[in-house]
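Could you put together the complete structure from these sequences and hints?
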Amino acid sequence: MTRHPEKITITNEEINVLPLGAFEGEVVVISDASATEMAFDEINRHRVVGFDTETKPVFVRGHSNKVALMQIAIPKKVFLLRLNKTGITPSIQRFLENEKIGKAGVALRDDIKGLQKLKHYAPAGFIELAEMSKNAGLEVESVKKLAALLLGIRISKGAQTSNWEAGHLNEKQISYAATDAWVCLEVYSHLKNKGFTLV
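In my numbering, the protein residues as written are 1 to 199.
The hints are simulated quantities; they were obtained by calculation from the structure and are not laboratory data. Careful, some of the hints might be misleading.
No more than 27 Å apart at the CA atoms, straight line, and that leaves these computed lysine-lysine pairs for DSS-like [what the hints assert, rightly or not]:
#1 K100 <-> K77
#2 K56 <-> K100
#3 K134 <-> K100
#4 K76 <-> K100
#5 K192 <-> K76
#6 K192 <-> K157
#7 K157 <-> K134
#8 K77 <-> K172
#9 K172 <-> K85
#10 K119 <-> K7
#11 K77 <-> K192
#12 K66 <-> K7
#13 K100 <-> K117
#14 K7 <-> K85
#15 K192 <-> K7
#16 K100 <-> K172
#17 K66 <-> K77
#18 K157 <-> K66
#19 K113 <-> K56
#20 K117 <-> K157
#21 K117 <-> K85
#22 K194 <-> K134
Cβ pair distances, simulated, as ranges [claimed, not checked]:
#23 Q116 <-> E24: 29 to 35 Å
#24 E24 <-> T197: 24 to 30 Å
#25 P123 <-> N16: 23 to 29 Å
#26 A107 <-> H168: 25 to 31 Å
#27 Q116 <-> V60: 28 to 34 Å
#28 Q160 <-> E14: 19 to 25 Å
#29 E37 <-> E139: 40 to 46 Å
#30 R109 <-> P57: 14 to 20 Å
#31 P123 <-> K85: 20 to 26 Å
#32 P19 <-> A122: 40 to 46 Å
Since we're looking at a predicted model, the values are computed, not measured. Even for Gly, the Cβ is constructed at its ideal location relative to N, Cα and C.
Below, the structure written as structure tokens:
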């Protein structure tokens with residue numbers, strides 16, 4: 001895989017020639033609130049996870065939708081929690097408020113704000129990768145560019161504006177959602193191994 005350790009930014013032209021990358025491990029889709037407890041029994045064993053959310057896009061000005069999906073990546077597995085079906089269960093709220101579990105992601109302020117609209121909680125343990133990358137001297141902030149610069153892969157964003165409230169998520173949606181969370185965990189691990197943190 002091509003990597004650019006000496007580079008601090010990357011162009012779209014450079015990204016377009018990179019190999020397409022996607023998460024290839026196990027993906028668990030959770031649509032039933034009763035299944036969240038068991039998922040977090042496993043998730044909570046990890047000190048840092050990859051984190052992201054998805055919301056059905058709005059094409060009418062002034063309107064907004066609620067967060068429909070929360071993605072959590074652990075090594076070799078990604079959980080996709082369909083919040084439009086499960087709601088914020090007690091186990092989900094405990095996770096969001098647990099400062100001992102790092103939740104690594106990009107543009108987390110938007111994710112936190114969106115989740116607050118579902119249920120008020122006290123966010124803790126969130127790790128903003130854009131800040132970590134800035135501390136590392138990088139001039140990239142998006143998941144797409146971080147994946148390209150640090151992991152040497154191009155990730156597909158085609159499903160980003162799809163309907164995340166659909167009755168069933170299709171394969172493209174599942175792959176896109178899982179890949180985004182997985183990339184966040186991989187980028188965090190890469191930066192941490194290089195000695196960069198949020199401090």
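Sort out whether K7 lies within 27 Å of K66, counting only the CA atoms. Status violated; Cα separation ~37 Å.
Given hint K7 paired with K119 - CA-CA distance at most 27 Å: violated (41 Å)
Within 27 Å, alpha carbon to alpha carbon, are K66 and K77? With Cα atoms ~25 Å apart, K66 and K77 stay inside 27 Å; holds.
Take a quick look at whether K56 and K100 sit within 27 Å of each other, Cα to Cα. Not OK: K56 and K100 at ~30 Å, beyond 27 Å, violated.
CA of K76 to CA of K100, is that 27 Å or under? holds (21 Å)
Between K77 and K172, is the straight-line Cα distance small enough, at 27 Å or below? holds (17 Å)
Determine whether the Cβ-Cβ distance between Q116 and V60 falls within the hinted range of 28 to 34 Å. Roughly 22 Å apart at Cβ, these two residues miss the hinted range, so it is violated.
Against the 27 Å threshold, does the CA-CA distance of K100 and K77 hold or violate the hint? holds (20 Å)
P123 versus K85 beta-carbon gap, inside 20 to 26 Å or not: holds (22 Å)
Tell me if the straight-line CA distance from K100 to K117 falls inside 27 Å. holds (23 Å)
Holds or violated: K7 and K85, Cα atoms, limit 27 Å. The given pair, whose Cα atoms are some 42 Å apart, is violated under the 27 Å limit.
Are the Cα atoms of K117 and K157 separated by 27 Å or less? holds (25 Å)
Hint compliance for this structure: hints 2, 10, 12, 14, 16, 25, 27 are not met, and every other hint is.
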